[in-house]
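Chemist: Next come the chains, spelled out residue by residue.
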Amino acid sequence: SAVISQKPSRDICQRGTSLTIQCQVDSQVTMMFWYRQQPGQSLTLIATANQGSEATYESGFVIDKFPISRPNLTFSTLTVSNMSPEDSSIYLCSVTTGSGYTFGSGTRLTVV
Amino acid sequence: TQLLEQSPQFLSIQEGENLTVYCNSSSVFSSLQWYRQEPGEGPVLLVTVVTGGEVKKLKRLTFQFGDARKDSSLHITAAQPGDTGLYLCAGEGSNDYKLSFGAGTTVTVRA
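First to last, the sequence lines map onto chains A and B.
Residues in the first sequence are numbered from 1 upward in steps of one, following my numbering.
Residues in the second sequence are numbered from 1 upward in steps of one, following my numbering.
This is chain A alone, in the form it adopts within the complex (with noise of 0.2 Å):
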């Protein structure tokens, strides 16, 4: 199965700035996934990331909110724009490669 690199692993963030969120796959992949997963929740699907293409977004998310980059096969990233207190959260992205899914180990997001 693939192995994604996710970085930052956590981060602490003022209202009203932006972070950048970014997964590295060791594989070439079609899809990568973004979700997001609040505090003792389930993950949500925020979008789906195909190279080459615009991203696809999850009825409340929005690309203004949540841009995605797709540059390549091999990585991604998502930004969490005019961040407030609600976007803490964890973000995650995963892929998928024929064999099951495989997810990175999160960015923990804390928004004072």
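No lab work stands behind these hints, which were simulated from the structure alone.
By construction, the Cβ of each residue, glycine as well, lies at the ideal position given by its N, Cα and C atoms.
Errors might be hidden in some of the hints.
[Claimed, not checked] Non-contacting residues of chain A with respect to chain B, defined by C-beta distances greater than 10 Å in every case (computed): (1) C13; (2) Q51; (3) S89.
[Unchecked claim] For lysine-lysine, the following DSS-like pairs were computed, each having C-alpha atoms within a straight-line distance of at most 30 Å: (4) A:K7 to B:K98; (5) B:K56 to B:K70; (6) A:K65 to B:K98; (7) B:K59 to B:K70; (8) A:K65 to A:K7; (9) B:K98 to B:K70.
Using the hints provided, position chain B relative to the given structure of chain A.
Modeler: Below, chain B alone, put in the same frame as chain A:
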């Protein structure tokens, strides 16, 4: 709205006891997956079940997929403290590879 209803939400048992976690849905999925997540880490895939009625065993863990491919269960025999974690079920869509997660079951196994 969660497509997958997972129960119970919390489970605390003594080492050596058995436990079962349930995952139910009104939707049919192409596959259903079970993950375990520890604090500070992403979910780790335990098993994928694809065929209705399928039963898979992974050491002390037994996974079942319902005949209609809408529900699943995870049974742990003789639980150990190392089994402590958040257990998540997730259904994979037939056409888009998206995963829909259940709310999760926090399992605590006391020594």
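Chemist: Hey, K56 (chain B) versus K70 (chain B), does the alpha-carbon distance stay inside 30 Å?
Modeler: Distance of about 16 Å is within 30 Å: holds.
Chemist: Can the restraint linking K7 (chain A) and K98 (chain B) be considered satisfied, given a maximum Cα separation of 30 Å?
Modeler: 23 Å, holds
Chemist: Measuring Cβ to Cβ, find out whether Q51 (chain A) lies farther than 10 Å from everything in chain B.
Modeler: Its Cβ never comes within 10 Å of chain B, the nearest being 15 Å, so this holds.
Chemist: Can the restraint linking K59 (chain B) and K70 (chain B) be considered satisfied, given a maximum Cα separation of 30 Å?
Modeler: 24 Å, holds
Chemist: For the pair supplied as a hint, K98 (chain B) and K70 (chain B), is the alpha-carbon distance within the 30 Å limit?
Modeler: 16 Å, holds
Chemist: Regarding the pair K65 (chain A) and K98 (chain B), is the alpha-carbon distance no greater than 30 Å?
Modeler: 21 Å, holds
Chemist: Is it the case that S89 (chain A) keeps its Cβ farther than 10 Å from each residue Cβ in chain B?
Modeler: Its Cβ never comes within 10 Å of chain B, the nearest being 14 Å, so this holds.
Chemist: Find the nearest Cβ of chain B to the Cβ of C13 (chain A) and say whether that gap is larger than 10 Å.
Modeler: Given a closest Cβ separation of 19 Å, the condition holds.
Chemist: Is K65 (chain A) within 30 Å of K7 (chain A), Cα to Cα?
Modeler: The given pair, whose Cα atoms are some 19 Å apart, holds under the 30 Å limit.
Every hint, counting from the list given before, is met by this structure.
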